[in-house]
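Assemble the whole structure, with the sequences as input and the hints as a guide.
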Amino acid sequence: MLASKVPIVESLMTLAAQMKNLEFKEIISDIAKEVEAGSSLSKALLKIP
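Mapping to my numbering: the sequence shown position 25 is 25, numbers consecutive.
To be clear, the hints were calculated from the coordinates, so they are not data collected in a lab. One should not assume that every hint holds.
What the hints assert, rightly or not - Computed beta-carbon distance windows for the label pairs:
#	residue 1	residue 2	range
1	14	48	13 to 21 Å
2	5	49	29 to 37 Å
3	10	42	13 to 21 Å
4	49	3	27 to 35 Å
5	48	17	12 to 20 Å
6	6	39	13 to 21 Å
7	4	49	30 to 38 Å
8	17	37	15 to 23 Å
9	6	42	17 to 25 Å
10	3	40	15 to 23 Å
11	48	20	12 to 20 Å
For glycine and all other residues, C-beta sits at the position ideal for the given N, C-alpha and C.
So this is what it looks like as structure tokens:
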């Protein structure tokens, strides 16, 4: 997705929508929301236990 220049937030939301594991789906959604709010991807990932 990144090679096709799809924005990272859109990529994360697409990934979350396809996740079957609800826990991981919520984590990916939270990361997408953090990045959409202006956080860097690396900072958003640091918040995940």
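Going through the hints against the structure:
no.	hint	result
1	14 - 48: 13 to 21 Å	19 Å, holds
2	5 - 49: 29 to 37 Å	31 Å, holds
3	10 - 42: 13 to 21 Å	18 Å, holds
4	49 - 3: 27 to 35 Å	30 Å, holds
5	48 - 17: 12 to 20 Å	19 Å, holds
6	6 - 39: 13 to 21 Å	19 Å, holds
7	4 - 49: 30 to 38 Å	31 Å, holds
8	17 - 37: 15 to 23 Å	19 Å, holds
9	6 - 42: 17 to 25 Å	19 Å, holds
10	3 - 40: 15 to 23 Å	20 Å, holds
11	48 - 20: 12 to 20 Å	19 Å, holds
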